[in-house]
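A.B. asks: Residues per chain are reported as follows:
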Amino acid sequence: MKNLFQNKFMIFTVVIAILLVGTTSFISALGYTSYVRNAIGIVLTPIQKGANSVFDSIENIFSSKEDYKKLKKENEELKLHLKEQEDKLKEAELALKQNEELKNYLGIKDEHTDFVFTNASVTSRSSEKTPNIITIDKGLSHGIDTGMPVIDKYGFVGIVCETGLTWSKVKTVVSPDTSIGVYIERTGESGITSGTFKASKDGLFTLSYLGDNTDVKQGDRIFTSGDGSNFPKGILLGNVEYTEKNSVTREIIAYIRPISPLKEVNEVMIITEFEMKYE
Amino acid sequence: MNKNYTSRIGIIFDVLVYGLFAIILSILQTTLIPRMHIYDATPDILIGAIAFLGIYRGEKTAALFGLLAGLCVDGLGSVGVSFLPLFYCIGGFICGNVGKAAKENARFAAFLVTIPAFCFFRTLITFVKYLIEYTNTLDFAYYGLYIALPEFVSTLCLCIPVFLVTLLFDSPLQYARKKGWLY
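One line per chain: the protein sequences are A and B, in this order.
So the first sequence is numbered by the numbering used here: it starts at 2 and just counts up by one.
So the second sequence is numbered by the numbering used here: it starts at 462 and just counts up by one.
Because the hints were derived from the structure by calculation, they are not lab data.
From a predicted model like this one, the values you see are computed outputs, not experimental measurements.
Some hints here could point you the wrong way.
Computed list of lysine to any residue pairs in SDA-like fashion (alpha-carbon distance at most 25 Å, straight line) [to be verified]:
(1) K202(A) / L592(B)
(2) K264(A) / L606(B)
(3) K202(A) / P495(B)
(4) K264(A) / F224(A)
(5) K590(B) / F224(A)
Here chain A stands alone, though its shape is the one from the complex:
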């Protein structure tokens, strides 16, 4: 370390590094985006998006190859005719699945006519097993702002937490910093979601602040309650995987499986405008 303090170049570099890290973290803690992050994001996000698409394609090729090998092994004794029929059936299944997905997508739009959407592509995901943060390719210049809810064709994905000019970062529902007011569809009970270390290991998040006599059960569907006016009411977040009683507080905590496959989500929609409905 002695050398560090004798070397003017290093003192200068370390001071610059401390200033950059300090200001970036401080500005970020205040809920804004630092110029450094913004500039890096503007320049590198398109390249990152391209790289992400390339790796997606490579991953798809490898997974298709594996599937193909498995099928080949299983069906090696079948005749060519049967194989052709199977291929046709697969194509039809794929078309059906796509059709179903499009229906879901349209379904969200039909159910919530007051929503104004902006579509975006995911450019990267954070390194956790189930990502806490995803980066998307739309930002301030597309009308995106912090706090806006992000959904995909299945349901809720997360909340925009940082925006640059052409990119945004989204805290997903499993992030420990994400808290959303929700209700259980079957019972109407309200609660608040949050990410915990234990839940994140299995790609889940928790639902707490339920009443003492809660009737929450496995399979129950969880929707946004719209309380606090940050999010619209009625967006599906996930299903209850299991419940647990906290040994200290005796509170019942439900573990929720996100409805959106966060590890694979590529296309999302940001709700830029919605009507608040008071009941």
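Based on these hints, arrange chain B on the given structure of chain A.
C.D. replies: Showing chain B alone in chain A's frame:
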């Protein structure tokens, strides 16, 4: 051509090539590497490159490379507080000093000795990040076994391939240096 002029071009060329390499590695770190899960951990490919540059090309190159790479990774994948630019910068400086102390033909040995320590401190940075994020709910036993240990081992194992890739990227510059084309 005047000597100062050629060396200035050399420095600009160094900055461009190493800068490009830092950007490429940062993009790989935020796109390719998160797909490679070893238990719940993801390795860090920048450690090997910073250590290589520190030991073989000096502290200034490694520190600046580390700072730029840290800023890129931070800008592309983090929110909130991030110590990575500072960590990589100081790591590069320390590796540079290790390289200085090592004899010319013992540099690879110096690399092998430095890497475990560098990986250990990288794991420590991840631990601090988890500690901040999951203050009350962190399960230390699970974290140690399924995140810290795999991260340490996978980062360590990836250092050798990264060393070779960095060497490959650096060799045209070395060749130009030897021939005196730009320096």
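A.B. asks: Now tell me, hint by hint, if it's right for this structure.
C.D. replies: Results of checking the hints against the structure:
Of the supplied pair hints, the one linking K202(A) and L592(B) holds, its CA atoms being roughly 15 Å apart against a limit of 25 Å. The straight-line distance between the Cα atoms of K264(A) and L606(B) is roughly 22 Å, inside the 25 Å bound, and the hint therefore holds. With a CA separation close to 15 Å, the supplied pair K202(A) and P495(B) stays within the 25 Å bound. At most 25 Å may separate the alpha-carbon atoms for a hinted pair to count; K264(A) and F224(A) meet this at roughly 21 Å.
A hinted pair counts as satisfied when its Cα atoms are at most 25 Å apart, and K590(B) with F224(A) does not qualify at roughly 30 Å.
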